[in-house]
Amino acid sequence: MIPTHNDALFTQLSPFLVATADAVSAADPAPWGLATRWHLDPQHMRHGTFFELLQRLDQLTFGPEGMPMDKWVFYGAAELPGFIYGFALDAAQLTVYERSFMNVPDAYTGPVPLSMYIAIPMREPGAWFGHNLASLNRQLPERRLAHLGSITKAFAMKAFGCRSFFGATQWQSNALFIHTKFGPLGLATAYTPAHSIPATLTYTFAVDDALLRAAAGDPAALVARPAPELWLDASDIDTMQALQGELEAGQRLTLVGPPMDAGGRRRLPIARRLPIARR
Amino acid sequence: MAVAPAFDDPDSSSLVPWIVCRPAGRAALDAQGAQMGAQMGAQMGAQMIDPLKVASAPFLGRLQALDRATYGPRAMPSWVFYDCAVVPGALFGLARVGTDGLEPVTLLGLIPMVSRQAELVVALCAPSASLMRATLAHGTAALGCERLTLVTQWGAPELDVLAGFGPLRLHTAWTPAHDDPRTVTCSVATDARARARLLSAPPPPVWPNANDHSLIALQASIEAGDVIEIV
Chain P
34 MIPTHNDALF TQLSPFLVAT ADAVSAADPA PWGLATRWHL DPQHMRHGTF FELLQRLDQL
94 TFGPEGMPMD KWVFYGAAEL PGFIYGFALD AAQLTVYERS FMNVPDAYTG PVPLSMYIAI
154 PMREPGAWFG HNLASLNRQL PERRLAHLGS ITKAFAMKAF GCRSFFGATQ WQSNALFIHT
214 KFGPLGLATA YTPAHSIPAT LTYTFAVDDA LLRAAAGDPA ALVARPAPEL WLDASDIDTM
274 QALQGELEAG QRLTLVGPPM DAGGRRRLPI ARRLPIARR
Chain W
13 MAVAPAFDDP DSSSLVPWIV CRPAGRAALD AQGAQMGAQM GAQMGAQMID PLKVASAPFL
73 GRLQALDRAT YGPRAMPSWV FYDCAVVPGA LFGLARVGTD GLEPVTLLGL IPMVSRQAEL
133 VVALCAPSAS LMRATLAHGT AALGCERLTL VTQWGAPELD VLAGFGPLRL HTAWTPAHDD
193 PRTVTCSVAT DARARARLLS APPPPVWPNA NDHSLIALQA SIEAGDVIEI V
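If you read the protein sequences in the order shown, they are chains P and W.
Be aware that the first sequence starts at 34, since it is given in my numbering, and climbs by one per residue.
Be aware that the second sequence starts at 13, since it is given in my numbering, and climbs by one per residue.
Hints are supplied without guarantee of correctness; some may be wrong.
As the list claims (entries may be wrong) - Pairs of lysine to aspartate or glutamate, DMTMM-like flavour, derived with a Cα cap of 25 Å:
(1) W/65 <-> P/262
(2) W/65 <-> P/281
(3) W/65 <-> P/271
(4) W/65 <-> P/157
(5) W/65 <-> P/279
(6) W/65 <-> P/269
(7) W/65 <-> W/112
(8) W/65 <-> P/266
Quick caveat, the hints were computed from the structure, so don't treat them as lab data.
Build out the structure end to end from the sequences listed, making use of the hints.
Put into structure tokens, the structure is as follows:
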């Protein structure tokens, strides 16, 4: 095992993988030596309650932001083409409050998910698109689940051998604090009218083991970051559109670090260059 | 403007093909096509649309309107359309050339699956069975897809059309992971021979009894390892 930001997580939580039999065979069963405890096939009837609990986890995470997933989206745009990797604990380990909070049926005795990461394959071999990262870190503070989101994403990407990675999120999203732990992010879009929220960026990066270990919290793994050339205000649509114009004209742009909040504003560091190459 | 291919179907003779795919995805598509010796989209004269450009937004909006008109409450929300179809996969369809540009009439959205043995249909929209056949046949050719997986509900008309490719292999007959457990997951070969068969408009197959008890029994049989095909 690698050291992480929160090794104590592994004393109470174990990994699960939701994927079809074909997809399971493509996954590393023990990324960095951490064995996956539960495999749940979305095409088998007996796991129905677990899929209800995944939807509950999604609702608790994204409900207030207005992008929760229906079960058909889980099945048709996550479990069937790709995978869901996350951390869970046995229902018997939950408190009475936690069982109620998660809507766990009284008779249920299986795993209860506290985090999940969803990715689906892209047309290019080795490329994946991540479209959901959920964690109950903030909702269950007494569990001390700090860094559960970034650890979940790092182990998930390791399990499926991602070589290049895409994602889309909003410039205002707190998720960027997690995504930027994986190093500088190349921008594919800076303003995205095809998305429900046009103030969305599409980002990409070449994945290597050091980046994943750094995001998980291994102090031996370091990430080089270029200096920013400009700071984008997360509510500045005009600048997003101007940056999008630069991208479409062939300019390379990189989000080089996490958001910075000050004076009631959120700003994001941008460089007009590629991330530093790795060997 | 691209020249329309001579589709055999009379309904599609005035329509032009289009493809939505990121440039990097298109490069992967071309490499795959070269390997297969397939007639890819560009050779077909399809209009190529880069979804990462702002100028593509109006056309993508029309595609979403087509998806909403087809699927109603199960239409893809915009973020799902972007995250789970447009960016990871590729879309093909037929369109009329209007005064404001292309007006999409049909849509086939495909995304890869982990096994890389099949592609998953995330959208299939067409106003008639004949146009659905044309879209499936030419779309699978243009996108280099030799096996499709489809998720839909028993009794859906697209199952009859899809069965025109050949035997449908059932992966689920009863699907509690979906909002509607009466959901079927099936796959079918879509190679050149299958496409030719589809375009000949063969009669639909005889479907199994679709009451809940029989579907659950069928699902149990699949989970036990039985290979079940609708022929």
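Consistency of the hints with the structure:
Between residue 65 of chain W and residue 262 of chain P the alpha-carbon distance is near 24 Å, which keeps this suggested pair within the 25 Å criterion. Restraint check for residue 65 of chain W and residue 281 of chain P: the C-alpha separation of about 7 Å stays at or below 25 Å, so the hint holds. With a C-alpha separation of about 16 Å, the suggested pairing of residue 65 of chain W with residue 271 of chain P holds against the 25 Å cut-off. Between residue 65 of chain W and residue 157 of chain P, the direct Cα distance comes to roughly 19 Å. Compliance with the 25 Å bound is thereby established for this hinted pair.
The hinted pair formed by residue 65 of chain W and residue 279 of chain P meets the criterion: a straight-line CA distance of about 11 Å does not exceed 25 Å. The straight-line distance between the Cα atoms of residue 65 of chain W and residue 269 of chain P is roughly 19 Å, inside the 25 Å bound, and the hint therefore holds. Between residue 65 of chain W and residue 112 of chain W the CA atoms are separated by roughly 17 Å; this keeps the pair inside 25 Å, and the hint holds. The straight-line distance between the Cα atoms of residue 65 of chain W and residue 266 of chain P is roughly 22 Å, inside the 25 Å bound, and the hint therefore holds.
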